Each structure stands twice: as structure tokens, then as C-alpha cells.
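Now for the letters of each chain:
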Amino acid sequence: MLLRIDGVSCSYDSTEVLKDVTFDVPSGTLFGVVGPNGCGKTTLIRCISRVLEPIGGVVWLDADMLSTMSFRDVASKVGVVPQTTRPGFAFTAYEIVAMGRTPYIGRLQMESEEDLAVIRGAMLSTDCWHLRSRMFSELSGGEQQRVVIARALAQEPRVLLLDEPTSHLDLGYQLQIMDMIEGLAGERNLIVVAIFHDLNMAVRYCENVVLLDKGKVEEVGGTLDVLTNENIEKVYGVKVAIERSPSTGLVMIVPTARRAKRGSGGGD
Amino acid sequence: MTVARESTVDVVEKSRSRRIWIVILFGGMLASIFASLAFGTVGPIGAGIPSRYSWADFFNSTLAEGPLSNILVNIRLPRILLACAVGAALSISGAVMQCLFRNPLAEPYILGVSSGAAVGVSLGLIWGLTSLLSTPILAFSGALITVAAVYGIAQVRGRIKTDTLLLAGVAIASFLSAVSFYMLYAAGKDRDLIISWIMGSFALTTFDEVLITTFVLTMGGLVVFLFARDMNVMLMGEETAKQLGVDADTVKIIVLVTASILAAIAVAFVGIVGFVGLIIPHIVRMTLGPDNRILIPASAFAGGIFLIWMDVLARTVAGGQEIPIGIITAFCGAPFFIYLLRSRKTGFAYAS
Chain A
1 MLLRIDGVSC
11 SYDSTEVLKD
21 VTFDVPSGTL
31 FGVVGPNGCG
41 KTTLIRCISR
51 VLEPIGGVVW
61 LDADMLSTMS
71 FRDVASKVGV
81 VPQTTRPGFA
91 FTAYEIVAMG
101 RTPYIGRLQM
111 ESEEDLAVIR
121 GAMLSTDCWH
131 LRSRMFSELS
141 GGEQQRVVIA
151 RALAQEPRVL
161 LLDEPTSHLD
171 LGYQLQIMDM
181 IEGLAGERNL
191 IVVAIFHDLN
201 MAVRYCENVV
211 LLDKGKVEEV
221 GGTLDVLTNE
231 NIEKVYGVKV
241 AIERSPSTGL
251 VMIVPTARRA
261 KRGSGGGD
Chain B
1 MTVARESTVD
11 VVEKSRSRRI
21 WIVILFGGML
31 ASIFASLAFG
41 TVGPIGAGIP
51 SRYSWADFFN
61 STLAEGPLSN
71 ILVNIRLPRI
81 LLACAVGAAL
91 SISGAVMQCL
101 FRNPLAEPYI
111 LGVSSGAAVG
121 VSLGLIWGLT
131 SLLSTPILAF
141 SGALITVAAV
151 YGIAQVRGRI
161 KTDTLLLAGV
171 AIASFLSAVS
181 FYMLYAAGKD
191 RDLIISWIMG
201 SFALTTFDEV
211 LITTFVLTMG
221 GLVVFLFARD
231 MNVMLMGEET
241 AKQLGVDADT
251 VKIIVLVTAS
261 ILAAIAVAFV
271 GIVGFVGLII
281 PHIVRMTLGP
291 DNRILIPASA
301 FAGGIFLIWM
311 DVLARTVAGG
321 QEIPIGIITA
331 FCGAPFFIYL
341 LRSRKTGFAY
351 AS
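Each protein sequence line maps, in turn, to chains A and B.
Note that my numbering has the first sequence beginning at 1, numbered continuously upward.
Note that my numbering has the second sequence beginning at 1, numbered continuously upward.
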């Protein structure tokens, strides 16, 4: 399976949000999307999940052009974990995950035994099977996110898209969720595209990243090759020190000073 | 296989066991249709004017010709059947609108759809277009134009603003009600006709009206039921629904148009009956959960039962006098609406 973003441009009304974005995403490891607010990260996810039609360029899933596929076909290949999930009315965790089977079930069918097995497997692999009969809205943020990831897995996708999957979670849950996603990517050889605000999370979990700035690709490649002092200062307007911790061996990006005026980022 | 079997033990069985309620409510609806025949000015229960009939007369009259049989079969039965069909149509319509707009307060009366249909029918009354076909068609047209207008007002960049939706609905509803009542008033229609419009009435129902209403109800109900699973997914938000494989834009149009037609057919022969579409789906959802595959049929049957008995009240509580049905549903519905508004769990706290 290959996910190829080929010259994709997107606009809302007349404002161009993505300009000629091109990169390939390999499978089995995490691929990060980073960049300042408003650079087009979420728009990119919306393009890859077919909810937004690009005005130019093509998103390729193997040999298929995404824009020619039905919602159903896309949903059987691409699972999405949004930033927040707020279902109208009270569904149980199980019912939320069962919705992941939508692309596989006919209009008048009930879930088959096979569907039930997939749902259970998805919930077990994100450690939320024991929450199945609880109301989704009564779960903690970390539990909710595990349920929503299980829903995406129940789609049996080849591509998993995550929009800041840990942004509302505390430190413990952040690591738990990301460790889990990393494991799933390896086990199921998934293509995983995840948006990160926290560059340290990207450094910690992603093999490759794309750095976006004002809708354009600034650079794409190995995480530490892209997230250099120069690139970060150029895009975020922040001077950083990139250090390898002597005690843990982890690479840390530490902001040292904010540049008075952003070279390219605009805004405050 | 053993893994799958194990997984069906609790949650799935629990949700599937709820389907029995569809059968129970359907049975309750049939029982209500028969039992409510006994209530009224004439019959074993009611004012007993001019004379009271016994239960024996009541049961015998279902078999034999006679004055009581005539009243029960040709006058009372059609109004009971129409009340049942209208209750079902309004409840399905309300369930659909609450689901599509992700708000427990949405329903055809509050969103102005019923008033839109009423304007259509009032035009027909003025122009002399009161045939069995023209009335529903005018009601459909009025309802669809209204729903398009309310939707257009509440839509900002493809997203529905729920507060705006409800407020626009309430404003348009009262505007359109005023329009249709003024039209009837200015055209010199008699007061009883106008009142029956404001408040709704099942008096003087014919079997033809019952047939047309039941036909539209059945068709509309089936269409909505076909999209029940899609509507479940759309409760997660339209973008998420698309990412889960539902063509949300298409489903929304089909289902919303169908729901408006259902609301319109309810108005066509009866007038405006408020709050049924609010109360019934909500009570059913509180007891049976939000799954539309169960909610839609269960609401339909529960709505039928509810309106049958509301109409029984309408024709019995004030002795020989009929109370307009809308007074009774508003009497029950308005406090319920306020309760929902104030309720943290089900009110605006849930809507986005």
C-alpha cells in the first residue's frame, strides 16, 4: 500500500490553504505532519480522507485516485481519528466502535458474527473492551480517544489519519496512546499520518515528517533532518536548542528565545 | 467463531433485545385503536348523550348493523386511525430532525415546518383547492419551502448553527401561522375552521383521508428506516460520517425532505398539532437508546398510541364538547419542552 500526495492544492472559498503539496508516506512507521497554526495540517487530513475535494493535484491510494472513490470505498481503506469526538445523544462505547463497520454492512443488514469479532478485536487492541457498555460521554479523555481509535481500527484501514491524537490528554495518556499507535503501525503495517503540535512528540515517535508552512511543504524527510534549528526558526519564529539528553538518549527540542518578528509565519 | 460468540453475550444482546419493544409497541398500537373506540360522546365510556350504551351493546355493535355501529365504524374509527397515523408521522419526523440537527429540541412544529404546510393548505382553502390530492400537495410544498428557508438561515459555510436553527424556526413558525390565519380570516372563513387550524382537530375524518395519510406515512417511514444506520453515524457529525463511509450530504437531503413530507401530511387533514414530534422520540430515546433502527419504528408506534389517547381526552374530558387536540398536546408538550431546555444532560449542553 502506498499513499502519495501529488501536487495537492486546496482552498476554502477563495483562500488557498494548501499549495502544491507533494510527498509519499511509507507504511509501518509513523509519519508526522508539523507546522505552525493555520499552516494547513488539518486541511491536509481532510483531503486524504476525501471530505475535502482538492482544487488541484491527486491523492493516490496505490493505483486509485481518491477523488474517484466512493465514501464507502475510502472508509474501508482510510480510518480517521479526529481531535475531539462529541456524539449527539448517548451512545455506548461499543456502539461508537461498531460504527467503524459502516463501510462493510449493507443497508438492511445487521452486524455479522465476523463484524462483531472485528469490533471486539479492535477494542481489545486499544484496551477498551472492558468499557464497552459504558456511555461514551462519561469516559475520561484518554478512554474516549482509545474508543475512537478502536472505531478507526474497526474500519480495518490500511491508512490511519490522526489529528493531534493526544492534544487533550495528560502526560500519561499521551504516551500510552502514542505507544499504542506506534505498536499498531508496526503490527498491521499501517500507513499512519499524524498531526503534531508538540515537536518533541514528533521527534519521539515519527520516522519521517513533513513540515508545512503557509500551505506549502517546507521540507519532508527523516524527522531530525527536517526539524533542524534553521527550519524551526524559519517556520515557527522560535530559536531552539536540539539536544540529546545524556541520561535518556532522547532528542529534545528546547525553545530558547522567540524571535521578535516571525520571518515567515506572520501573526503574533 | 468462539471469540465472536463471546462478544455477542452482553452489549449486543442487550441492544438486540430492545427490538422486542418494536413488537410490543406495535401490539399496543393495535390494542389502542380498538380500545379507544369505546370512548366518546356515544358509547360505554363518555358523556352518554343522548343515551348511554352498555359494554354489551358496544361489543355486539362491532358485529351488527345499527346506529351505534354506524357511529363507531364510520365516524369514530376513521378519526382514531387518522390520529394514530398523524401521531406516527409527527414522531418519525421529529426523531429524524432531532437526529439530523443533533439537537433534542428540533421537531417539525418548532422548526416551522408544520406552519409552512398550514400556509399551503390555507391557500388551498381560499382558492377552493380542497380535493384529497391538492391538499397534501400544497402542504408538502409549504413544508419543503419552509424547511429550505430555515435550513438556509441556520447554515454558515456548510455548518448548521443549532441556536440559529431553533430561533429561526420559532420565528418563521409564528410568522407563517399568522399568515395562514390572517388569510383564512380575511377570506371570511368561519371561526370554527380557523380554530380547528390553530389547534388541530380529528373531527369529521373520512376514510379517504385515512388512506392517503397512511400511504404517505408508510412510504415515508420506510424511506427513513432505510437510512437509519446512516443517521446513527451522522450523529457523530457530518464530517466524521463521511470518513466512516456515509454520503452524508445525500442522506441528509433525502431524509430531511421525507421528514418534511411526513410533517406536512400530518398537517394536511388535521391542522397543526404541536409537540408530538418533540415528546415521543425523546421519551423513546431515553428508554430505548439513540439507535435509529429501533428509535424510528418505536417512535412511530408510540406516537400513534399517544395521539390516539390524546384524542380520546379531547372528545371526553369536557363532556359533550370537543377540545381541540392541539390544546391537549401543547398542555403536555410545553412543560416538557421547558424541562428539556433546563435539563443539562439533554438540553443545549449536548448540542454543538
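Treat the hints as calculated values from the structure; they're not laboratory data.
Please read all numbers here as calculations on a predicted model, not as lab measurements.
Note that the Cβ used here is the ideal one computed from N, Cα and C, for glycine as well.
Errors might be hidden in some of the hints.
Unchecked claim - Just some of the chain B residues that point at chain A, by a computed CB distance under 7 Å: (1) Arg191; (2) Leu244; (3) Asp247; (4) Pro290.
As the list claims (entries may be wrong) - With a cut-off of at most 35 Å between alpha-carbon atoms, the simulated DSBU-like pairs for lysine-lysine come out as follows: (5) B/Lys14 x A/Lys216; (6) A/Lys19 x A/Lys239; (7) A/Lys77 x B/Lys14; (8) B/Lys189 x A/Lys77.
Hint check:
{"no.": "1", "hint": "Arg191", "in the structure": "43 Å, violated"}
{"no.": "2", "hint": "Leu244", "in the structure": "5 Å, holds"}
{"no.": "3", "hint": "Asp247", "in the structure": "5 Å, holds"}
{"no.": "4", "hint": "Pro290", "in the structure": "4 Å, holds"}
{"no.": "5", "hint": "B/Lys14 x A/Lys216", "in the structure": "51 Å, violated"}
{"no.": "6", "hint": "A/Lys19 x A/Lys239", "in the structure": "26 Å, holds"}
{"no.": "7", "hint": "A/Lys77 x B/Lys14", "in the structure": "30 Å, holds"}
{"no.": "8", "hint": "B/Lys189 x A/Lys77", "in the structure": "62 Å, violated"}
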